[in-house]
Every structure is written in C-alpha cells, then in structure tokens.
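> Sequence:
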Amino acid sequence: MALKVFVGLATGSLSLLADALHSLTDSANNILGLVASRFSSPLPDRDHPYGHQKFEAVGALGIAAFLGIACFEILQGAIERLLSSSPPVQISTHELWLLLVVLGINIFVAFYERREGQRVSSPILIADAQHTMSDVWVTISVLAGLVGIWAFGWQWLDVGLAFPVAVLVFASGWSVLRQNLPWLVDEMAIAPEAIYETALQVPGVLNCHDIASRGVVGRQSFIEMHLIVDAADVETAHQITEEVEALLSEKYSPVRVLIHVEPRNYRSDHISYEA
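Residue numbers (my numbering): -10 to 264.
By construction, these hints were calculated from the structure, which means they are not laboratory data. Ideal Cβ placement from N, Cα and C applies to all residues, glycine included. It is possible that part of the hints are untrue.
Derived DEER-like restraints, expressed as beta-carbon distance ranges [said to hold, decoys possible]: (1) 207 - 257: 49 to 55 angstroms; (2) 239 - 104: 25 to 31 angstroms; (3) 38 - 100: 34 to 40 angstroms; (4) 183 - 249: 17 to 23 angstroms; (5) 87 - 107: 29 to 35 angstroms; (6) 83 - 54: 33 to 39 angstroms; (7) 107 - 231: 15 to 21 angstroms; (8) 58 - 253: 57 to 63 angstroms.
Below 16 angstroms or equal to it, Euclidean Cα-Cα: the simulated EDC-like pairs (lysine to aspartate or glutamate) are [claimed, not checked]: (9) 240 - 186; (10) 43 - 182; (11) 240 - 182; (12) 43 - 186.
Using the sequences provided together with the hints, build the complete structure.
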C-alpha cells in the first residue's frame, strides 16, 4: 500500500491513488478480521448462549462498509479530475516494476487467505480474501492503464480506469454483504419441508409443525420444531426426539435442535410460518 501511495504521488496518477485507497481499506480490514475472529468462538457461554458466530458476520459487514467508502472516494476523485484541469501523469519503468512486485504479493495473499478460510470455515478470512482479490484486479487494471500512458501517452486512461475500479470495489462489497447478512437477520437456513421429511423418517413421529431454522449450514445452524409423537411415556418420547436430532445432525452438522413434544392426538396443518 505504501508503495502504491509513493508511486501515485510521484506520477500524479488518480487511478493509482484510488488503488492505494483500496489497499488501505484492505489493511484496515485485516485488523478488523483479527479482532472479530478473536471474539467469534462457536462455543456458547452465559452471556451468549447461542455462541459468538455473529461477531464474524459483523466483521464481514465492516469490510463491506470499508469497500463502500472506497467506492465513493474513487468516484468522487474521478469526477473532480474530469471537471478540472490537471498535470499529465508521468510514469517510469522502475515505477512499473514496483507495481508488479505489489501485484505478486497481493495474489499470493489472496489465494492463501481463501485456502485457509475454507479450511477453517472462517467467513471473515474468506471475505477478506475476496477483498484482497478485488485489490488484485484493481491493480491489474491500473497497471494496464499506466503501461498505456507510458508507452503511448494515453492520458485519458488514468481517469477512464478509475470508474471500472469503483465498479470492482462495489461488486466485492456487495458480495460480502450478501453472504453475511443472513446471519444477522436470522434468515431461513434450511427449507422447512426438508426438515419435515427428515423428521418423518424416524419411527414414532406422526407429524411436525412450526418448523424454524436460522444460521448458516456448514458453519452453525439452529432448528426449532414441534413434534407430534406416538409415545405412551416421556422416556419413549425422549428417545424419538434423540433419533430426530441425530438424523438432523448427520445432514446439517454443526446444528443445535430444539424440539417441543406434543401428544399423538394433537393436530396442526402448518409446517412452518406463513410468508
């Protein structure tokens, strides 16, 4: 990031300074990711009985916010450059080589973060890898523009490439937001019909209704349901619910299941809540 700022100030390139701003948000996001991951243990405690996974979602939304700010700053700078005269961009071969080094480092970091994020199922690492990869594409486009300025004197490329940079930044932020918002708004994680069909595979289950789920399958999900069972005593009913929980855990682990047992003569036609 410091190299981009140095070269951007030395050459007067708006697109490169915008790229440096994007890299600055990436550095801030790395710190944010470390802080969020520190408080995102899946284990529940007295104050957080459902675990701490939403801390990671909040951290990922912070990344999206940083990207939104970067997008606004890039567009603002490009429009100001269009409306006012500015000195030409001057770039040397040494400065282009410096940018190639920065590009190689960013590519390595992006692939490493994505691999580690998938290995440990960490949304904050995956989100930051997406951000770093967007930084790679930004740097590639800016580098191509600077090569055009260096080789052919096409000064219009600098401002012209600032707008695609803004689009890439916005797309990356939107992707991060879309992936993590379901955590925070408790969006349905598993279709009620799928849970219903799974529960009815267990002998002794007559019906189930008022099914609800939240979280993210593969990271941590929660299921609540009312179960109508054919059981003469509490012990039998408990055994049936244990089998239902085990079957759901096989399909959607890690998952926590809460079951409300009802007698065999109870009737309800609502599998889940109305839309």
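> Each hint: holds or not?
Quick rundown of the hints versus the structure:
no. : hint                          : verdict
1   : 207 - 257: 49 to 55 angstroms : violated, 30 angstroms
2   : 239 - 104: 25 to 31 angstroms : holds, 27 angstroms
3   : 38 - 100: 34 to 40 angstroms  : holds, 37 angstroms
4   : 183 - 249: 17 to 23 angstroms : holds, 19 angstroms
5   : 87 - 107: 29 to 35 angstroms  : holds, 32 angstroms
6   : 83 - 54: 33 to 39 angstroms   : holds, 36 angstroms
7   : 107 - 231: 15 to 21 angstroms : violated, 32 angstroms
8   : 58 - 253: 57 to 63 angstroms  : holds, 58 angstroms
9   : 240 - 186                     : holds, 12 angstroms
10  : 43 - 182                      : violated, 26 angstroms
11  : 240 - 182                     : holds, 14 angstroms
12  : 43 - 186                      : violated, 29 angstroms
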